[in-house]
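What follows is the residue order along each chain.
There are 2 protein chains.
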Amino acid sequence: MKPRQSFQPAWREDIPADGTYRSIFKYDPKKFSHPSAAWYEMFKKEFGMTDEDFKKRRPGGDERVVLQRKPGLSDSHINAFIGIVGKDNVATDDYSRVRYGHGKSLDEDLAMRNKATDRVPDLAIHPRNKEDVVKIVAYCNAQKIPIITYGAGSGVVLGIRSDQGGIALVMSTHMNKVISVNENNQTALVQPGLMGPDYEAALNRAPEIYGTTHRYTCGHFPQSFEIASVGGWILALGSGQASTYYGDAYDIVLSQEYVTPAGIIKTRDIPGTATGPKVNDIMKGSEGTYGILVEVTMKIFRYMPDNRRRFAFMFPTWEAAVNASREIVQGEFGLPAVLRISDPEETEIGLKLKGFNDGVLDKFLRLRGLKPMERCLCIGTAEGEKGSAKHVKKMASKIAHRFGAMSLTGYATKQWEHGRYSDVHMREDLLDYGIIIDTLETGVTWDNLHRLHQGVRSFVKSRPGTICTTHASHFYPQGTNLYFILMLKPKDGNEFFEFRKQIVDKIVEYGGSISHHHGIGRMFAPWMENYLGKEQIQVLRALKRHFDPNNIMNPGKTLGLDSKE
Amino acid sequence: MKPRQSFQPAWREDIPADGTYRSIFKYDPKKFSHPSAAWYEMFKKEFGMTDEDFKKRRPGGDERVVLQRKPGLSDSHINAFIGIVGKDNVATDDYSRVRYGHGKSLDEDLAMRNKATDRVPDLAIHPRNKEDVVKIVAYCNAQKIPIITYGAGSGVVLGIRSDQGGIALVMSTHMNKVISVNENNQTALVQPGLMGPDYEAALNRAPEIYGTTHRYTCGHFPQSFEIASVGGWILALGSGQASTYYGDAYDIVLSQEYVTPAGIIKTRDIPGTATGPKVNDIMKGSEGTYGILVEVTMKIFRYMPDNRRRFAFMFPTWEAAVNASREIVQGEFGLPAVLRISDPEETEIGLKLKGFNDGVLDKFLRLRGLKPMERCLCIGTAEGEKGSAKHVKKMASKIAHRFGAMSLTGYATKQWEHGRYSDVHMREDLLDYGIIIDTLETGVTWDNLHRLHQGVRSFVKSRPGTICTTHASHFYPQGTNLYFILMLKPKDGNEFFEFRKQIVDKIVEYGGSISHHHGIGRMFAPWMENYLGKEQIQVLRALKRHFDPNNIMNPGKTLGLDSKE
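As you go down the protein sequences, you meet chains R and D in turn.
Using this note's numbering, the letters of the first sequence map in sequence onto residues 295 to 859.
Using this note's numbering, the letters of the second sequence map in sequence onto residues 295 to 859.
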């Protein structure tokens with residue numbers, strides 16, 4: 295039953311004006327996805343708010359971008375860059391500097407709403423090809439000018455903040471093409487600034503475009519799919535929503551070419567080798583600190599959407615959902631593509647927000663012993679060849695039932711698919727009224743999952759008025775991830791940032807990784823040395839010194855590499 | 295029809311006497327597998343030999359090991375080592391120095407037959423635990439004493455030759471245990487000197503030993519399985535005969551602990567992370583040059599041998615066998631475990647050696663259009679959960695038939711399984727009469743497979759009296775490997791080594807990797823810089839300088855790391 299809504303907040307529906315901060319920080323300027331009436335009622339209740347609180351939006355973000363800090367680079371430098379890429383591809387205006395100096399973290403969103411945006415590059419450069427990149431790196435290395443590589447700006451870990459000025463190298467303006475598809479090798483040679491949707495569309499239409507026999511898919515669908523670039527997937531070690539089957543970004547790269555101050559690293563297109571430590575893998579996850587990815591050969595997969603099978607279950611407990619998932623991915627019958635289990639709070643909020651929490655479904659679930667704040671939702675898909683997809687679904691269902699689950703048909707999965715890229719658009723609506731949604735995520739082994747989940751959750755919930763939902767959505771035979779979504783109405787940004795810092799401390803204390811697929815950037819850099827251990831961070835720093843002796847590549851603490859030793 | 299044998303060479307059946315060279319170089323001192331009559335006839339014919347040539351064995355290998363070079367380490371050093379590991383675990387005798395200073399390459403075999411064994415360590419040390427290793431590394435680093443880590447000595451690339459003396463650290467004497475099995479995480483914590491058969495037996499019996507619910511398998515079965523250690527699999531980037539399903543050694547490692555001169559690297563047991571370049575992966579394939587593996591958490595797999603399905607096909611051509619294999623591993627229906635296709639020469643020799651080349655089977659094959667020196671054998675297995683294994687076999691068969699193959703039932707696969715670890719024992723029999731069997735192997739993409747195969751093969755066959763059989767046996771959606779087996783009777787070892795060098799040149803010229811799964815060692819080190827490119831070898835050297843500033847870890851050109859820059 296949908297709650298009746300007495301008052302409807304005036305969620306913004308206007309496309310932000312050109313040149314404004316909001317046109318930068320809004321996730322996708324042209325897309326909107328507002329909180330439903332149910333969401334709205336929940337926020338009022340959880341945060342002790344009233345309709346009154348939603349009658350006036352907080353100001354911020356609609357001003358035109360104006361920087362206090364002028365570009366620190368001399369005209370001779372600027373002319374040198376113009377000499378390389380042409381006048382049209384060098385931008386010194388304030389808007390470009392802010393736009394290409396910010397990602398999509400909550401921190402950057404709040405900063406832009408407050409016009410606190412002085413840690414930006416001196417100028418933005420749009421290289422046309424790898425030859426441009428080679429010349430730019432050589433020049434910057436000789437002149438000791440910092441280079442921050444901007445893929446498409448979807449990062450959420452402060453990975454492209456220019457603490458020391460320099461240039462933002464924008465890869466998605468020109469270097470955004472599929473160069474070729476090799477059907478024999480089942481690979482695509484692409485440029486790093488290629489956007490997910492363009493890539494996927496080209497692969498889906500490979501017979502028409504490249505004359506292939508089969509259609510293909512990239513297999514990588516992070517929530518940021520619509521606004522992220524292939525280079526970002528690899529450099530920040532992303533993980534797509536179907537990673538359980540297709541692998542993480544790390545796994546779907548065959549070979550790469552990087553321009554570094556120490557020369558060009560071009561690895562070979564050979565799928566299996568025993569020729570020493572794999573430089574191809576060393577470069578992945580380097581977040582712009584070692585060099586600039588200029589070309590990459592990606593593994594691709596046959597695209598057979600008609601074979602997709604959806605499934606959804608309600609488990610009696612979180613423990614049952616975890617145990618069944620583990621059994622599914624350890625069972626050696628093939629892996630589901632999407633697999634996602636929600637903890638009791640996430641399950642309950644999900645039901646509530648779909649209006650299912652006091653209707654027929656809820657009664658039915660209760661009758662079946664699936665009780666509120668115990669039951670857990672699981673959704674998934676099986677892909678690939680028809681018989682195999684069918685078998686994986688059959689086996690997953692068999693296991694789910696063995697662990698007491700009730701089948702929900704694939705409807706819940708379709709619902710999730712519908713919002714998979716768009717739920718995130720709500721963030722702006724909520725921030726307009728001082729409500730924060732932010733996420734933290736971690737990798738974990740099976741035997742540490744409950745301890746980590748409970749430890750972090752109980753800390754988060756110790757703050758009154760904090761919604762904390764958790765799911766696991768990337769599975770491996772050895773473990774999974776935990777993705778925490780936090781919703782709260784803090785006094786101010788600083789209260790939240792301090793709270794978030796304490797949560798990360800808890801994640802590390804309970805043995806999780808600092809990140810499963812968001813990356814490190816500057817946000818999590820302070821934890822790196824302690825997390826990896828001194829011996830391991832020194833390995834990464836030794837590589838940094840080798841590739842980038844002048845420390846021009848994404849300098850300023852990213853990955854914790856140029857912290858003092 | 296089996297050939298009648300007029301004369302039976304007196305293949306040796308005696309277990310080599312203790313203390314002799316032969317007791318070291320013989321693949322497994324207690325196992326024998328002699329050439330059949332058919333093999334014997336083939337060698338006579340191909341190499342222009344007569345029974346007369348097999349009446350007298352060449353001498354060599356039966357002498358007791360005596361070194362000309364005395365240990366170069368002072369008594370004070372030796373006493374220091376005794377102080378660390380105890381007197382029983384330090385060996386300075388000639389036999390230990392030769393035994394723990396040699397692997398199983400043809401080169402080392404011939405050298406030992408000729409008593410040319412002076413490039414050996416000064417002494418062998420058998421550490422009892424990782425604390426011993428820490429102390430030994432600290433001492434050697436302070437005193438600049440080379441350390442060569444000896445796993446079990448199965449390597450074939452001169453990876454443990456002591457060009458500069460120093461110590462051999464023998465991991466398989468004491469550090470050879472399964473420490474624990476974690477069923478929840480589906481991992482085993484093991485020591486690096488653990489031998490394959492001991493590991494597999496422990497996992498198969500996990501319910502009895504560790505109280506697990508399921509039985510497990512390690513998933514890694516190289517031809518050297520019976521004589522190799524887990525540490526060697528990882529450090530030399532091995533690949534097992536079922537790698538198409540289970541992955542290469544690189545893939546089945548969750549975390550590791552290394553002792554290096556720069557400190558202890560202990561990576562975390564987390565299956566997915568986005569915390570920068572993965573130090574866990576950087577260490578793999580380092581062949582003893584960065585540090586000493588002292589503990590490793592391996593991924594393990596459910597052991598369900600009853601579900602195994604075998605299949606075998608005869609394809610009309612090599613091209614058909616390649617195309618079908620590609621379709622099988624790109625088809626998204628799950629992967630076979632073993633998959634192996636033999637080129638026409640390997641197929642023909644295989645049939646001949648089994649006596650099938652002029653019998654009913656051969657007639658039947660010819661009638662079906664499967665002609666000698668065109669037809670190609672394929673064998674394989676499907677493993678895992680029952681329904682999945684059945685489905686993989688069904689799909690593989692369907693594809694094979696589409697490419698014109700005839701099914702041979704699983705008999706051929708069983709035959710292959712029978713000899714999978716033992717065919718290699720023939721090497722000594724043949725060397726006793728001056729016949730060489732050696733192998734070279736390379737990784738390749740699908741689109742370069744035929745060019746590489748034909749290019750290398752035509753060069754090899756340009757030498758009269760050279761048998762060259764080739765198979766592909768490790769498959770990826772992006773490509774496979776090519777494994778060349780060479781049989782010839784050269785004038786002497788040097789003629790062969792020069793020939794082999796030229797073949798490697800051809801492999802590189804035609805775009806293959808220097809190695810797919812044997813590793814680099816000192817044998818292929820001279821090709822490394824050209825193969826990887828200067829920029830990449832410099833990355834590996836930068837890591838070398840970081841981990842091992844005094845160049846004590848497996849020094850002397852291994853991996854091409856301490857060649858002059």
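Quick caveat, the hints were computed from the structure, so don't treat them as lab data.
Do not take every clue at face value.
Any copy will do: because identical chains look the same in the list, a pair fits if it lies in one copy or spans two.
[As the list claims (entries may be wrong)] Listed below are the simulated DSSO-like cross-link pairs for lysine-lysine, each with C-alpha atoms no more than 27 Å apart in a straight line:
id, residue 1, residue 2
1, Lys657, Lys560
2, Lys783, Lys572
3, Lys851, Lys572
4, Lys560, Lys572
5, Lys795, Lys572
Next on the checklist: At most 27 Å between CA atoms: does that hold for Lys851 and Lys572 within a copy, between copies, both, or neither?
Outcome noted: Answer is both; intra-copy 25 Å and inter-copy 18 Å each pass.
Checklist entry - How would you label the pair Lys657, Lys560 (within, between, both, or neither) given a Cα cut-off of 27 Å? => result Neither: 60 Å inside a chain and 51 Å across chains, both beyond 27 Å.
Next on the checklist: If the cut is 27 Å between Cα atoms, do Lys783 and Lys572 qualify within a copy, between copies, both or neither?
Outcome noted: Answer is neither; intra-copy 46 Å and inter-copy 37 Å both fail.
Checklist entry - Taking 27 Å as the upper bound on the Cα-Cα distance, should Lys795 and Lys572 be classified as within, between, both, or neither? => result between (34 Å within a copy, 24 Å between copies)
Next on the checklist: If the cut is 27 Å between Cα atoms, do Lys560 and Lys572 qualify within a copy, between copies, both or neither?
Outcome noted: both (12 Å within a copy, 19 Å between copies)
Hint compliance for this structure: hints 1, 2 are not met, and every other hint is.
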